[in-house]
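My request is simple: use the sequences and hints to build the entire structure.
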Amino acid sequence: MEWVLVKNLKDHVGSEVELRGWVYNQRASGKIRFIILRDGTGTVQCVLVKAENPGLFEKAADLTQESSVILTGSIREEPRSPSGVEITLNSFIIIGRADPYPITLKEHGVDFLSENRHLWIRTPRQSAILRIRSTAEQACREFLHGRDFVLADSPIITPAACEGTSTLFEISYHEEKAYLSQSGQLYNEATAMALNRIFCFGPTFRAEKSKTRRHLMEFWMLEAEAAFFEFEDNLKLQEELVFHLVRTVLDRHSQDLRLLNRDIEKLEAVSLPFPRVSYTDALKLLISEGHQIQWGEDFGAPQETAISEKYQSPVFITHFPAGIKAFYMEPDPANPEVILGADMLAPEGYGEIIGGSQRISDPDLLRKKIAEHNLPVDTFSWYLDLRRYGTVPHSGFGLGIERTVAWLCGIEHVREAIPFPRTLYRMYP
RNA sequence: UCCUCGAUAGCUCAACGGUAGAGCAACCGGCUGUUAACCGGUAGGUUGUAGGUUCGAAUCCUACUCGGGGAGCCA
6 MEWVLVKNLK
16 DHVGSEVELR
26 GWVYNQRASG
36 KIRFIILRDG
46 TGTVQCVLVK
56 AENPGLFEKA
66 ADLTQESSVI
76 LTGSIREEPR
86 SPSGVEITLN
96 SFIIIGRADP
106 YPITLKEHGV
116 DFLSENRHLW
126 IRTPRQSAIL
136 RIRSTAEQAC
146 REFLHGRDFV
156 LADSPIITPA
166 ACEGTSTLFE
176 ISYHEEKAYL
186 SQSGQLYNEA
196 TAMALNRIFC
206 FGPTFRAEKS
216 KTRRHLMEFW
226 MLEAEAAFFE
236 FEDNLKLQEE
246 LVFHLVRTVL
256 DRHSQDLRLL
266 NRDIEKLEAV
276 SLPFPRVSYT
286 DALKLLISEG
296 HQIQWGEDFG
306 APQETAISEK
316 YQSPVFITHF
326 PAGIKAFYME
336 PDPANPEVIL
346 GADMLAPEGY
356 GEIIGGSQRI
366 SDPDLLRKKI
376 AEHNLPVDTF
386 SWYLDLRRYG
396 TVPHSGFGLG
406 IERTVAWLCG
416 IEHVREAIPF
426 PRTLYRMYP
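For what it's worth, the working numbering labels the leading residue of the first sequence as 6, then goes sequentially.
No wet-lab data here; the hints were simulated from the structure. Certain hints may be false.
Claimed, not checked - Restraint-style ranges between C-beta atoms, simulated for each label pair: (1) LEU10 x LYS36: 26 to 32 angstroms; (2) LYS182 x GLY151: 36 to 42 angstroms; (3) ILE161 x LEU10: 33 to 39 angstroms.
What the hints assert, rightly or not - In the DSS-like style, the derived pairs of lysine-lysine whose C-alpha atoms are separated by at most 30 angstroms in a straight line are: (4) LYS241 x LYS330; (5) LYS271 x LYS289; (6) LYS15 x LYS64; (7) LYS374 x LYS214; (8) LYS12 x LYS271; (9) LYS36 x LYS55; (10) LYS315 x LYS271; (11) LYS373 x LYS330; (12) LYS315 x LYS289; (13) LYS374 x LYS330; (14) LYS111 x LYS64; (15) LYS289 x LYS330; (16) LYS64 x LYS12; (17) LYS36 x LYS111; (18) LYS315 x LYS216; (19) LYS111 x LYS55; (20) LYS36 x LYS12.
This structure is a prediction, so every number in the text was calculated from the model and none was measured. Glycine included, C-beta positions come from ideal geometry on N, C-alpha and C.
Below, the structure is given as structure tokens:
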């Protein structure tokens, strides 16, 4: 008998098939049982009538929540079913009978759910988010490969800070100190000089004691870098990538988005080109609205939210003051006080999802900036080499996948956008 | 690091200075179409830890532990 995934049941209406999965729930009266099976691709209700098969009916009393089963049954259309199909159960075997399952169908608190993350991910909502994450990652790769970008993975163990700002996780590299990467960017610049257009996609680590719905200690970042790309090329690439992500998730996950109660209209409203506002103009706007902030100060979360809420699409904040951005960002020739970089803020207050810039290509200027930031020149010696040997203008950006997925899914917290979140006070399980 | 909130049954919560309760889960029974099914019953507790105030503390005070939300920083 053919083994079919729940999500494909509609293609087999009328036939008898085998299903393999876990019992999501069971309801029973004296004469009829409803067993909801989940197999990770969806859920389906299986019906068992006592009069038709008394032996099987009794045996099914043993099907506790999350017991694993292989069952056979006939698929039929059923107007009363939310998915339109239902299974008439013919037989089943229990692979592993589950003990009383901690995560019931009732409400639970964040602490308990986090402590049981390994089981929490089995719930329909969490599964939907993780499926969307998978598609978002796939769409990133599809998009960049389609634009002739080459995947060039950057190292996770690094000898020193990439940007010298954030706190790093220190590890012991045999007798030496080493650090977990907080960005693959500097290595990306090297691979871009070798391969022209490249990207890396992997975990990145921040040891800052951040403790908000937008922060994880370990998160995944898509970082692209392109030789000969200037500021404008960079922004265009970013907005087209993010637009592609939105469209792809809408196309492939309407059911998951519905399950998450996502307001789909807000995603459908995203359109190209994305709005742009310079730091200076954004600042004026914020001051006119009563924010206490001066030129040269970075925007905080409340400011970012205030700006992003004015637009339906993600918005670029461009031309930040050089003093609040990383040392490698190219100054604007028209005004060297500001840099040719931009942050992309997601709508609905989800915060910064991309940070990017054109990079300094002049070796002398780069050396000067390294000194100004009090960074050790010798650890950047190889990075300076990139400017010694055939320097070119180039640009890149980093996209935080969890924040992006959280926005796409409309969920409250980035911890639900990754299978096993690492937060400030929790790394179990 | 700072601000803020919290910890009571397996889970979600109530009891607010005077005998620790409810719903769900578990277990037993009932029910022919349920969608977090429903109905009846049984069992389940050193109220996060340590001290203090009091005739009496889940409740008030102090410290600690663990966690939630936020600030800063960032994706």
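So, going through the hints one by one against the coordinates:
1. LEU10 x LYS36: 26 to 32 angstroms: At roughly 30 angstroms between Cβ atoms, LYS36 and LEU10 fall inside 26 to 32 angstroms, so the hint holds.
2. LYS182 x GLY151: 36 to 42 angstroms: holds (41 angstroms)
3. ILE161 x LEU10: 33 to 39 angstroms: This hint holds: roughly 34 angstroms between Cβ atoms.
4. LYS241 x LYS330: holds (21 angstroms)
5. LYS271 x LYS289: Since the Cα atoms of LYS271 and LYS289 sit roughly 27 angstroms apart, the hinted pair holds (cutoff 30 angstroms).
6. LYS15 x LYS64: Between LYS15 and LYS64 the Cα gap is close to 28 angstroms, so the pair holds against 30 angstroms.
7. LYS374 x LYS214: holds (27 angstroms)
8. LYS12 x LYS271: holds (26 angstroms)
9. LYS36 x LYS55: Distance of about 5 angstroms is within 30 angstroms: holds.
10. LYS315 x LYS271: This hinted pair holds, its Cα atoms lying about 13 angstroms apart.
11. LYS373 x LYS330: holds (15 angstroms)
12. LYS315 x LYS289: holds (14 angstroms)
13. LYS374 x LYS330: holds (11 angstroms)
14. LYS111 x LYS64: Holds, at roughly 26 angstroms.
15. LYS289 x LYS330: This hinted pair holds, its Cα atoms lying about 19 angstroms apart.
16. LYS64 x LYS12: Holds, at about 27 angstroms.
17. LYS36 x LYS111: Cα-Cα ~26 angstroms, so holds.
18. LYS315 x LYS216: holds (26 angstroms)
19. LYS111 x LYS55: Given that 30 angstroms is the threshold and the Cα spacing comes to 28 angstroms, the pair holds.
20. LYS36 x LYS12: holds (29 angstroms)
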